[in-house]
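Asker: Work out the full structure, taking the sequences as your base and the hints as a guide.
4 protein chains.
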Amino acid sequence: MWLRTSCELSFYIAVPTPFILMLRPRSNAQQWVAKEEYKISPHVLVYEHTDGYSNLYQRLIAPEGAFSIRTSADVKVVDQLDQTPGAPFVEVQNLPDQVLSYLLPSRYCESDRFNEMAIEITNGKAPGYDQVASIEKWLCKRILYTPGESNFAISAVEVNQRQSGVCRDLAHLGIALCRSLSIPARLVVGYLYDLKPMDLHAWFEAYVGDRWYTFDAVHQGARAGYVAVGYGRDAADVAVFNQFGPSVFPTVQTVRVEKIDEFI
Amino acid sequence: MWLRTSCELSFYIAVPTPFILMLRPRSNAQQWVAKEEYKISPHVLVYEHTDGYSNLYQRLIAPEGAFSIRTSADVKVVDQLDQTPGAPFVEVQNLPDQVLSYLLPSRYCESDRFNEMAIEITNGKAPGYDQVASIEKWLCKRILYTPGESNFAISAVEVNQRQSGVCRDLAHLGIALCRSLSIPARLVVGYLYDLKPMDLHAWFEAYVGDRWYTFDAVHQGARAGYVAVGYGRDAADVAVFNQFGPSVFPTVQTVRVEKIDEFI
Amino acid sequence: MWLRTSCELSFYIAVPTPFILMLRPRSNAQQWVAKEEYKISPHVLVYEHTDGYSNLYQRLIAPEGAFSIRTSADVKVVDQLDQTPGAPFVEVQNLPDQVLSYLLPSRYCESDRFNEMAIEITNGKAPGYDQVASIEKWLCKRILYTPGESNFAISAVEVNQRQSGVCRDLAHLGIALCRSLSIPARLVVGYLYDLKPMDLHAWFEAYVGDRWYTFDAVHQGARAGYVAVGYGRDAADVAVFNQFGPSVFPTVQTVRVEKIDEFI
Amino acid sequence: MWLRTSCELSFYIAVPTPFILMLRPRSNAQQWVAKEEYKISPHVLVYEHTDGYSNLYQRLIAPEGAFSIRTSADVKVVDQLDQTPGAPFVEVQNLPDQVLSYLLPSRYCESDRFNEMAIEITNGKAPGYDQVASIEKWLCKRILYTPGESNFAISAVEVNQRQSGVCRDLAHLGIALCRSLSIPARLVVGYLYDLKPMDLHAWFEAYVGDRWYTFDAVHQGARAGYVAVGYGRDAADVAVFNQFGPSVFPTVQTVRVEKIDEFI
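Chains as they are written, first to last, in the working numbering: chain A, 1 to 264; chain B, 1 to 264; chain C, 1 to 264; chain D, 1 to 264.
Hints may contain errors.
Copies of the same chain look alike in the list, so a pair counts if it works inside one copy or between any two.
[What the hints assert, rightly or not] Taking lysine-lysine pairs in the DSSO-like style, the calculated list, with each CA pair at most 30 Å apart, reads:
{"id": "1", "residue 1": "K141", "residue 2": "K125"}
{"id": "2", "residue 1": "K259", "residue 2": "K39"}
{"id": "3", "residue 1": "K35", "residue 2": "K259"}
{"id": "4", "residue 1": "K259", "residue 2": "K137"}
{"id": "5", "residue 1": "K125", "residue 2": "K259"}
{"id": "6", "residue 1": "K196", "residue 2": "K259"}
{"id": "7", "residue 1": "K196", "residue 2": "K35"}
{"id": "8", "residue 1": "K35", "residue 2": "K137"}
Simulated from the structure, these hints should not be mistaken for lab results.
Answerer: Below, the structure is given as structure tokens:
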């Protein structure tokens with residue numbers, strides 16, 4: 001399946017403001033970026049680097065006045081992401097080194113507080129994929145998905161208290177539950193085809209069997225139409241934009257995902 | 001100054017248990033490890049790796065029964081760690097890339113919640129080193145240091161509510177306050193000569209001017225006798241030991257730091 | 001200046017053949033990639049990764065039959081790359097760690113064999129930038145530039161014997177001479193506006209003062225119109241394509257670089 | 001088996017000279033460093049870092065006059081390194097990313113020049129481990145091992161012309177032959193118990209099956225008593241000491257390896 005994603009952010013900037021942006025998808029085994037645009041108006045000097053999670057990020061100083069960023073990408077994604085019920089739990093001693101940090105608690109995923117709850121939710125499930133699938137199902141049934149109502153992130157403990165949240169919040173709770181069972185889990189930020197209402201999306205991946213698998217408490221069981229832009233331990237690591245100094249919110253934020261014919 | 005540090009941990013292990021240990025100090029500009037021992041009884045297969053913060057860590061599976069780890073090191077440390085009152089705040093756009101992640105909130109340092117408080121504490125101070133020094137002083141005066149009373153970490157928000165904590169807790173609050181002012185800050189775990197009561201210690205570093213500086217809310221202004229073992233965003237990243245499965249606590253934990261003559 | 005670069009490679013593949021490609025330019029302080037296309041026909045599964053030099057590379061298996069790759073990019077480049085005559089030599093002990101490996105000899109740059117020659121060429125020049133500039137000038141005068149006559153790389157020693165070579169060969173000799181003076185130097189592969197005959201290009205960078213500077217023995221003193229695609233110790237690290245198994249050469253290789261109006 | 005290794009280097013330094021040393025063994029699955037000493041006389045400021053191959057290296061400036069380095073380590077090594085005749089060749093597309101760079105030619109291993117020769121040597125052998133074993137055997141029979149006769153490295157092409165060399169030279173030729181068959185190979189520098197005459201040693205590893213295996217043209221088939229200190233593409237990457245400025249050679253170089261009782 002070929003998708004065209006686009007994201008437009010417009011700001012009004014009062015004082016020159018440093019930004020760190022994460023808006024450039026990378027090609028990997030699940031997605032191939034065949035075409036891409038990244039426009040900054042007015043154009044300023046940008047530095048691009050790779051962070052510890054292999055995300056590309058852009059650093060710039062937004063000048064005073066109207067400032068906008070428009071990105072788009074034509075991406076071939078796999079028609080159906082893999083699901084492997086029964087994929088086994090990997091004992092900690094057998095996890096690859098680069099996966100270990102995804103076992104640790106993080107800002108929005110206080111996994112050290114969820115062990116009992118996770119055991120209860122996954123009761124009777126085979127360790128590994130099936131546990132994560134039961135967590136995803138539980139989130140879907142028990143935590144109310146309230147899109148579009150959040151300006152800043154809350155942590156898994158808070159999500160669990162409120163019993164509701166945006167996609168990112170549900171993902172954080174899912175991650176905290178997985179890690180509390182010693183299953184590595186990470187946040188993914190990106191696009192989802194046919195998401196309603198359309199917006200940037202967040203979901204999570206868990207490491208079972210011998211690889212990462214995609215889970216999404218908002219679209220339980222659906223496994224198609226995802227374009228990943230960033231990976232990290234939680235939303236603290238994967239912000240589409242991080243801005244420093246006086247708070248600035250986009251005056252316009254437009255996100256689109258369309259199917260396109262095979263890229264010619 | 002030459003120091004001999006030692007740490008002995010003894011456990012009784014009920015079922016084979018994976019551990020990740022961080023007990024091997026590394027040489028750097030502040031310290032030179034001239035001699036080192038690391039004994040594991042009974043000896044088991046150990047894998048050693050370097051994490052994303054350049055810490056060496058050891059992975060092993062502790063077998064059933066008595067299990068102990070004894071480490072010691074002869075280390076030359078600088079006589080006096082640098083202090084540079086007046087060292088300026090570095091604007092975000094000028095920070096080196098590898099320092100950026102220390103601006104983000106983390107599990108035990110919810111820096112996104114402390115901006116107002118940090119502004120108040122540092123009121124009237126020049127941006128940079130002097131702000132951090134005033135945070136260190138504030139912690140020292142306002143947060144009661146209660147050594148030895150903690151089995152698991154609490155976060156900066158909780159430390160601030162309780163108004164007391166162990167060295168690690170004070171450091172976490174210091175880090176959260178620094179980051180809320182866009183000053184990169186990180187946790188350091190290691191040894192401190194003449195600490196009373198003697199134990200493993202934790203303190204923090206802040207990036208101002210063009211480098212990291214040491215701060216310690218427990219020993220405000222003191223800048224000598226530190227041996228660092230691990231660095232990270234907070235205690236989630238730098239645990240002396242992380243153990244998976246049923247909880248295990250050391251039956252014995254002995255820490256010593258002595259002055260020695262120049263290493264012969 | 002805005003440039004549109006494009007490169008098309010067509011192959012006829014006899015047996016399925018693994019390729020490693022390096023054809024995706026990255027944004028950095030000298031260039032901003034505002035638009036990019038990367039088409040593979042027929043489309044096959046591609047993995048993209050970052051190597052130890054921060055280059056993006058693509059791994060794929062080319063299927064039997066006609067196989068082609070077409071890339072293009074719209075890139076804003078600085079109007080004039082910096083030149084800083086007089087920028088000083090950096091003593092080895094003061095070089096940043098990540099620069100040290102560019103002091104070592106490598107496959108095509110046997111810097112351990114060029115010390116006397118380098119001293120002679122740079123005689124009377126101030127250590128640092130001026131030495132490198134005199135090496136660039138010497139290469140330009142003494143080594144005949146023979147574009148398009150090379151199918152595989154030769155080393156600096158061989159280039160020096162032949163007294164002629166393609167752009168990559170001249171760059172290799174320049175790098176070997178710099179390193180023999182303890183000046184870190186690296187190869188850059190990419191595009192150059194107005195290169196005649198148009199082709200992919202290679203040049204070199206040297207680390208003096210406190211940063212990398214661009215040098216090009218083919219276009220001595222010219223410092224405009226460069227788009228970098230890959231960096232490495234020499235051509236062994238930065239091949240536009242590396243192919244394994246029976247040798248395959250492109251049946252068509254088309255390279256274009258045009259000026260475009262500011263990207264809209 | 002427990003081994004105590006030691007290496008002493010003494011220099012007479014005429015002008016302050018920057019050194020990069022690689023003398024600190026690291027623990028890994030094959031070896032556990034239980035005790036270690038690293039003495040520098042006179043003691044100077046040392047920086048320690050990790051290079052791109054995970055080696056620890058030390059940077060310092062040797063002062064004028066007598067300068068010495070004494071290191072020793074008590075290391076538990078596996079009794080017998082694994083040998084797996086029949087372990088299969090890994091097709092390039094299936095190699096892990098971090099292994100790819102060991103396929104490329106390097107300063108002392110011009111693997112691009114050895115394909116025909118490698119095919120001839122390994123004629124009739126199953127692709128993979130058995131090919132490498134036949135290369136090791138060929139080296140042992142055909143290239144005369146002449147310990148202690150080399151002050152600076154020669155490349156695989158030169159070793160093949162001379163038909164003789166030190167351990168490092170034989171390893172370089174082995175590596176070049178492996179890579180020319182698309183088998184990743186790397187140099188290891190360290191200690192070997194019972195080596196005669198005793199000295200620092202160099203051997204090589206090849207990646208077949210799903211891991212690195214040890215080969216040694218000097219001690220064909222022997223697989224015990226190895227302590228690794230550094231890994232790299234070839235001797236350019238793994239020098240026990242690299243010194244810059246006017247050449248300096250050790251006035252004394254003493255290497256010892258003894259068996260010890262289990263470390264208490």
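Asker: A separate judgement is required for each hint: does it hold in the structure or not?
Answerer: Verification of the supplied hints:
no.: 1; hint: K141 x K125; result: within (17 Å within a copy, 51 Å between copies)
no.: 2; hint: K259 x K39; result: both (22 Å within a copy, 18 Å between copies)
no.: 3; hint: K35 x K259; result: both (14 Å within a copy, 20 Å between copies)
no.: 4; hint: K259 x K137; result: within (28 Å within a copy, 54 Å between copies)
no.: 5; hint: K125 x K259; result: neither (37 Å within a copy, 51 Å between copies)
no.: 6; hint: K196 x K259; result: within (15 Å within a copy, 42 Å between copies)
no.: 7; hint: K196 x K35; result: both (25 Å within a copy, 29 Å between copies)
no.: 8; hint: K35 x K137; result: neither (35 Å within a copy, 40 Å between copies)
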